[in-house]
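Trainee: Here are the chains, one letter per residue:
Number of protein chains: 2
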Amino acid sequence: MIRFSVTILGSSSATPTSERNPTSQLVNHRDKLFMIDCGEGTQVTLRKMKIHFQRINHIFISHLHGDHFYGLIGLISSMHLLGRDHELHVYGPPELEEVINLQLRVSQTTLVYPLIFHATRCEKPERIFENNYLEIISFPLNHRIPTTGFLFREKQGLRKVNKEKALEIKIPAWAYERIRKGENYTDEDGTTYKNTELTFNPPAPRSYAYCSDTAYYEPAIQTIENADLLYHEATFMNDREVNATDKFHSTAAQAAKIALNARVKRLIIGHFSARYDELTPLLNEAKAVFEESYLAEEGMTFSIPQLT
Amino acid sequence: MIRFSVTILGSSSATPTSERNPTSQLVNHRDKLFMIDCGEGTQVTLRKMKIHFQRINHIFISHLHGDHFYGLIGLISSMHLLGRDHELHVYGPPELEEVINLQLRVSQTTLVYPLIFHATRCEKPERIFENNYLEIISFPLNHRIPTTGFLFREKQGLRKVNKEKALEIKIPAWAYERIRKGENYTDEDGTTYKNTELTFNPPAPRSYAYCSDTAYYEPAIQTIENADLLYHEATFMNDREVNATDKFHSTAAQAAKIALNARVKRLIIGHFSARYDELTPLLNEAKAVFEESYLAEEGMTFSIPQLT
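Chains A and B supply the protein sequences, listed in that same order.
Heads up: the first sequence begins at 337 in my numbering, then just goes up one per residue.
Heads up: the second sequence begins at 337 in my numbering, then just goes up one per residue.
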């Protein structure tokens, strides 16, 4: 199976605890590593998990509250000190570039590798990255300061040629590419074969949606709907809904309601308030609304299965 | 005994390892807590060591390489989020204020407590703090960017009145203060008692000197000489002396040579390069020059005994 997974590096909100790190996640798609958010201490977590961080080429920062980016400058610096030689792309609110540059300037550091900054905006969903297999969309959330979520969405793959049939009717090499794209095939004798006779469906494109800090926000649903996996913050439980609304955060039940209404397959909740030592009650609250709910816990990896 | 101790929170150089944190120390003087340097992750180390960080009122940053200050903004933020209500004083190079302010601005944070910034300079030794019992001196070191060390020096205490003698000659209450300051005492009959008959010597003032990142630098000796305890960086071993000199760092033997020439009582070495898994060779190298050498290890506390 082609890999598409999400590893939790940190699951805590605002203040780190001795058990839980501030927010960070690693998305692995076809062995390319993408980091989402980078709270303080993330580089040490990567080391402890034996993840070679020079493999990370793209880092996405959802917003500029410290628990989502105070680890970024340390990671950028360590990549420098360890002699990185290839591009690092950082995506985030425009002021983030200023923060990075100031800290490099005061330490009189000129990075030994190219750091390419991409400013995100949060008026509407926008594609901010693509390669042959994947595109990444930023989309607005509803928090105290400008904040985006990120949708990782596979591109529709080419159709799979039925090799037995291809041998049987002796399809020439030159025709494969067109057939994979969905065209019919006409042989030298003028016989036309419908594409559906010649190919199988490719695997369904998979998607992962990341909803960082946000109040309950239904407009996000149109972007994240049908995602195979959704991460949604759940800072509080429902008995603190007023508290959550005040601080533009969500409760576990609200996260689950978004998952339900967006018809996603699975939900991960995280960004837990330091007040919760025990997380099972948050999980139960989410499960009561949306059964396929899971807790974000440090070190855990969620794989997204490939379905045909 | 009146407390004066140094606790190591981090002992690593440049890049943190999974075993060692970047530089930070906590000085406890008469139960007042002073932090020196604050590498990434320091707030979590404080939590793990169950040190209530709102008790820290003064933070001293030696220079603006990330491994010495990337944890500061996170600590400042957590103090805010946890409702600190009293002043925090931060001492460091002038640009540090800019870095703090920018990060507060982009997160739209107005601190709920007063943060008072004191810019350090590194032309010459300067007193940057004093209370009734202690003064703190910044002094220049020799690193790639402006860097200061810090000397924590107790003030000379008042003399101790010999209570038996005081009762015997019936010293009135009003005279005690003057006698403690060293004056002689003349009673109503005109008999004069020399101060040395009436008092004991106070404890000798103690001192702790912190030499953050620096090349071997003899001019520091005049400030730190006779310190009871000296911390001196020892990034490398002597076989990498060229490397150390290039990077304006010191070797373990050089740190020990400074300790020896400054006639300090004990030396702590730290800021070890991530290349050293095993630190005993660095300790042995220092001990060969200066026997009273110790390794800075996370969680270790060095108390400075009070001698009369």
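Careful: at least some of the hints might be erroneous.
If several chains are the same, the list does not tell them apart, and a pair holds so long as it fits within one copy or across any two.
Mimicking BS3-like on lysine-lysine, the simulated pairs with C-alpha atoms at most 30 Å apart in a straight line are [as the list claims (entries may be wrong)]: (1) 506 / 593; (2) 583 / 386; (3) 501 / 593; (4) 460 / 384; (5) 583 / 384.
Think of the hints as simulated: they come from the structure by calculation, not from any bench.
Trainee: Find the hints from earlier in the document that the structure breaks and name them by number, from lowest to highest.
Mentor: When the structure is compared with the hints, numbers 1, 3, 4 turn out to be violated.
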